[in-house]
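Undergrad: For reference, the chains in residue letters:
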Amino acid sequence: MAHDHQNAPPSETAMRVKALETLLTEKGLVDPAAIDTLIELYETRVGPRNGAKVVARAWTDPDYKERLLKDGTAAIAELGFSGVQGEDMVVVENTDDVHNMVVCTLCSCYPWPTLGLPPIWYKSAPYRARSVSDPRGVLKEFGVDLSEDAEIRVWDSNAELRYLVLPQRPAGTEGMSEEQLAELVTRDSMIGTAVVEAPAS
Amino acid sequence: MAALTSEIVPGLVAGGASCRMDADVAPKFGVGDKVRAININPIGHTRLPRYIRGKVGTVARDHGVFAFPDTSVSGVHRDPQHVYSVRFEGEELWGADANANSSLYIDMFDNYLESA
Amino acid sequence: MNGIHDLGGMHGFGPIERETDEPYFHDDWEGRVFGLFFANFAAGHFNVDQFRHGIERMAAAEYLSTSYYEHWLHSFETLLSEKGIVTSEELDRKQAELSQAGGA
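Chains as they are written, first to last, in numbering that gives the first Met the number 0: chain L, 0 to 200; chain H, 0 to 115; chain V, 0 to 103.
For reference, chain L alone in the conformation it holds in the complex:
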């Protein structure tokens, strides 16, 4: 939650939102407490640590990984991460030959239950415009130098399927527990704009 604005007067937009919420509440159409609950739920319990658990499970359990790639919705539901904007999931696997990257060129579609709410860059024009026509350039901007021998595969989430990238497990992680592995998995690696780094020794 942002606290930088506590001493500044509310912006025009803040006043507009307050006006809208107040009117809808006065008309008996909206309950502000429900909005409080939603904000708290998403801020505290819906985020990329969920997706990281899915990835760590897939890295350590080959049968789970197979189920995950075949039916992402069902496999993710096994770990309890279903729900709004994740009702129909497809998981795509990075390999030595294929690197996957996800975008929504038309708006901001993103798998909320596993990754939380998307960052501004994902929802903004530069990424949405360029990821489909110059994905290698975008990856370079993110610090990922992909070999031309690896196919770059971009997924435009234009319908109601939501996509999660299963990043490659880095070398040097043998013997790590599922919990330790999950800690290595970043949000960006599950969008496809990063790879998972081997742990610092």
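Please keep in mind that the hints were generated in silico from the structure rather than gathered at the bench.
All values reported here derive from a predicted model rather than from experimental measurement.
Honestly, I wouldn't trust all of these hints.
Stated by the list, open to error - Subject to a maximum C-alpha distance of 25 Å in a straight line, what follows is the list of computed DMTMM-like cross-link-like pairs (lysine to aspartate or glutamate):
#1 K122/L - E42/L
#2 K17/L - E69/V
#3 K122/L - E77/L
#4 K139/L - D109/H
Claimed, not checked - Here are some of the chain L residues that sit facing chain V, going by a computed Cβ distance under 7 Å:
#5 E20
#6 G27
#7 L28
#8 A32
#9 I34
#10 T59
#11 D60
#12 P118
#13 A128
#14 K139
#15 V143
#16 S146
Glycine included, every Cβ here is placed at the ideal spot set by N, Cα and C.
Since chain L is already given, all that's left is putting chains H and V on it; use the hints.
TA: Just chains H and V now, with coordinates in the frame of chain L:
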């Protein structure tokens, strides 16, 4: 009383609102089919981006039956149909300026596709 | 529609700017807007497709120069007004009233 109360929130968030439809509709295409995204330019809502229209790809997966968004926007009618993950080669979309060794996958409804 | 939102393949938008440890909501009002989507959806005021189309119908220059949750707010206002649930006059009046009252 407001439709959405605090008590309902956790269940709503966990359950979601899938657009998958339990309708017995036959697919027009199968995996491996060569398809072309049709050239439509509706002034209403569509989820067929301009950069795909007229381009030829290959059906990679059939996701099943979902509500067609161009119809759902009416708020009244629903048009259940198959939606496919279709693969387009980078060169097909962007010509000589495409990245080397690149492909794009996008979800195409039956109504967005014709045989190629 | 062939609106400005249909960005795939366009050039000229510059570098991808990223923020470290970005919060979900950069201001309290953004969280309210987020919640208002669910509240309006549950009340049957609009579906997701109508909500998206409301954003698509924004003027191109406004779309590019406003923030993400301002897009959501714009769509709410458009749809609620079109459906006669909250008129823009009501909204203007309430906003003026709240501003006069000190805004908190």
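Undergrad: For every hint, state whether the structure bears it out.
TA: Going through the hints against the structure:
Straight-line distance between C-alpha atoms of K122/L and E42/L comes to about 18 Å, which keeps the hinted pair within the 25 Å bound. Only pairs whose Cα atoms come within 25 Å are accepted, and K17/L paired with E69/V is accepted, the gap being roughly 13 Å. Between K122/L and E77/L the alpha-carbon distance is near 29 Å, which puts this suggested pair outside the 25 Å criterion. For the hint pairing K139/L with D109/H, the CA-to-CA distance comes to about 36 Å; that exceeds 25 Å, so the pair is violated.
The interface hint given for E20/L holds, since its Cβ lies 6 Å from the closest Cβ of chain V, which is under the 7 Å cut-off. Annotation: G27/L was flagged as interfacial toward chain V, and the flag is violated, the nearest CB pair being 10 Å apart, outside 7 Å. At its closest, the beta carbon of L28/L sits 5 Å from a beta carbon of chain V; the interface hint therefore holds under the 7 Å criterion. Among the interface hints, the one on A32/L is violated; its C-beta lies about 10 Å from the nearest C-beta in chain V, farther than the 7 Å criterion.
Of the supplied interface hints, the one on I34/L holds, with its beta-carbon coming within about 3 Å of a beta-carbon of chain V, less than 7 Å. Taking 7 Å as the C-beta cut-off, the interface hint given for T59/L is violated, the closest approach to chain V being about 28 Å. For D60/L, the shortest C-beta to C-beta distance to chain V is roughly 31 Å, which exceeds 7 Å, and the interface hint is violated. With a least beta-carbon distance of about 5 Å to chain V, the hint placing P118/L at the interface is held under the 7 Å criterion.
With a cut of 7 Å, the hint placing A128/L at the interface with chain V holds, because the nearest CB-to-CB distance is about 4 Å. Taken as an interface hint, K139/L does not check out: its beta carbon lies about 11 Å from the nearest beta carbon of chain V, beyond 7 Å. For V143/L, the interface hint is violated, the least distance from its beta-carbon to any beta-carbon of chain V being 13 Å, above 7 Å. Interface hint status for S146/L: violated, as the beta-carbon distance to the closest one in chain V is roughly 21 Å, over 7 Å.
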